[in-house]
Amino acid sequence: MLRRPHYIALGIVVVVTVAILKLPSRTAARVKLAVSALYLPLFGASDSTQKAVEKAGNTVLPKKELTAQIDQLQRENQQLRLRAAQLEGLAHENARFRSLLQLPKLVDWNLKPARVVARDPANWWRTVRIDRGSRDGVVTNAPVLNLDGLVGRVSEVGFTHSQVVLVGDPNCRVSVLVEETREHGIIEPTTSTPLDSTIVEVGYLSRNAKLAPGQRVITSSYGGIFPKGIVVGHIVDYHSVDFGLYTQARIKLSVNMNALEEVFVKLP
Amino acid sequence: MTSLHTALILATAFLIVFAEATFGGVRRLFGAQVELLPSLMIYTGLSTGLPTIALLAICGGLWLDALSANPLGVTILPLFVVGLVVQRYRGLILRDQRFAQMIIGGCASGAVPLMTLIVLLNTHRQPLVGWISIWQWVLMILAGGLMTPVWFRLFGWLTDKFMYRSLGETSFRPDREIKRGRD
Chain A
6 MLRRPHYIAL
16 GIVVVVTVAI
26 LKLPSRTAAR
36 VKLAVSALYL
46 PLFGASDSTQ
56 KAVEKAGNTV
66 LPKKELTAQI
76 DQLQRENQQL
86 RLRAAQLEGL
96 AHENARFRSL
106 LQLPKLVDWN
116 LKPARVVARD
126 PANWWRTVRI
136 DRGSRDGVVT
146 NAPVLNLDGL
156 VGRVSEVGFT
166 HSQVVLVGDP
176 NCRVSVLVEE
186 TREHGIIEPT
196 TSTPLDSTIV
206 EVGYLSRNAK
216 LAPGQRVITS
226 SYGGIFPKGI
236 VVGHIVDYHS
246 VDFGLYTQAR
256 IKLSVNMNAL
266 EEVFVKLP
Chain B
8 MTSLHTALIL
18 ATAFLIVFAE
28 ATFGGVRRLF
38 GAQVELLPSL
48 MIYTGLSTGL
58 PTIALLAICG
68 GLWLDALSAN
78 PLGVTILPLF
88 VVGLVVQRYR
98 GLILRDQRFA
108 QMIIGGCASG
118 AVPLMTLIVL
128 LNTHRQPLVG
138 WISIWQWVLM
148 ILAGGLMTPV
158 WFRLFGWLTD
168 KFMYRSLGET
178 SFRPDREIKR
188 GRD
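Chains as they are written, first to last, in this note's numbering: chain A, 6 to 273; chain B, 8 to 190.
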């Protein structure tokens, strides 16, 4: 059995734990940000080291390789310029049609690049920390994406760092639609695919949905958080659930969440 | 044990949490992140007193929860319970045996996530738990078991380098000295 000092210590720790757990959510978030701020010097040091290593790697690259890279980038630049010119024409045309139909104007996205500096140490959440915070204009629930598609949303904002909850986490429900069939559904986390965090489930699709593997799934803007049209992934397979009332589809996310390094935060 | 020993343990816990958050090698290789605070708690429970155990549980738990999506404070109690039990029964544990260290470290690394999960479910959160969690749990047990002897060696070395060692009592007593020769 435990002795008296053990009971006293246990009592103190239980009181401390309950007091912290029962803090109002706003206060708890502030305390959490204050505690995580202790790690800012380490994050800074880690970032500087990473940059120094990259720089050192660049200095030892042979000239031949650098020239080949410049050639390739110039070719890509030309192609992208052509594509941008085409898209600009289409955008003008789109804007003209929208004004003719008296539809509201599309607003350009204000994107802020950010680096992923840490991952959730607990295995039961899918979150990352980025090096942008309220000083950069980041707000809670701001959508986060990268060149491949949707990454998640900002869940907590500190002054210099923020926490992003990734698609597939139980705290990140996304309203989506299948691009071809316009079927609406909601992304739910899946734990049925061991070791593959790139598969999630889309629930609440109608039972008559005409789905097929490979169809693209995009955000639908119904939740009010994510703008319409961000690529989420592609359908892998589907099946009926709840005695045939709904269809559930498994989708492969277009973003590899295990290899996230740089993302963009969509500012309001 | 000195306050320097406590400070070294807390500094190690701080760095462990940082490493778990930033080093993704294990996660990429095995699909799960390992949790090393329970194994450090075993060392602390077997080598220090209750104040250090409580400090490690509170500080380590807060640091871990602050960098995670966990509600603040859920990890404190599981860590402390493990430390408390080990400290209470440390007379029965062969703490110098590497095999015993590994076994007890593995058990602690399995117990802490389970207790944390129970606390977490009582706060009405929905953690991502499924079949994959069993694999993650096994990996945590293995990593915790392997790391526990490392903490003993590391802190043994640090203690040698940074702390004074108390002198052992000699059998010499001046009043029992045999004086030879004539006076």
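Keep in mind that the hints were calculated from the coordinates and are not lab data.
Be careful, since some hints might not be right.
[Said to hold, decoys possible] Now the stretches of chain B that chain A is said to cover, found in silico as 3 or more residues with beta-carbon under 8 Å:
| id | region |
| --- | --- |
| 1 | 36-49 |
| 2 | 60-66 |
| 3 | 72-83 |
| 4 | 95-105 |
| 5 | 136-144 |
By construction, the Cβ of each residue, glycine as well, lies at the ideal position given by its N, Cα and C atoms.
Against chain A, does the region 95-105 of chain B show at least 3 residues with beta-carbon separation below 8 Å? Answer violated; 1 residues pass the 8 Å Cβ test.
Verify the coverage statement for the region 72-83 of chain B against chain A, using a C-beta to C-beta distance below 8 Å and requiring 3 or more qualifying residues. holds (count 11)
Annotated coverage of the region 36-49 of chain B by chain A, confirmed only when three residues or more have a Cβ within 8 Å: As far as the region 36-49 of chain B goes, the hint holds, because 4 residues have Cβ atoms under 8 Å from chain A.
In terms of beta carbon proximity below 8 Å, does the region 136-144 of chain B have 3 or more residues touching chain A? holds (count 7)
Count the residues of the region 60-66 of chain B whose Cβ falls closer than 8 Å to any Cβ of chain A, and tell me whether that reaches three. Our answer is that it holds, as 4 residues pass the Cβ test (under 8 Å) against chain A, meeting three.
Going through the hint list in order, the structure does not satisfy hint 4, though it satisfies all others.
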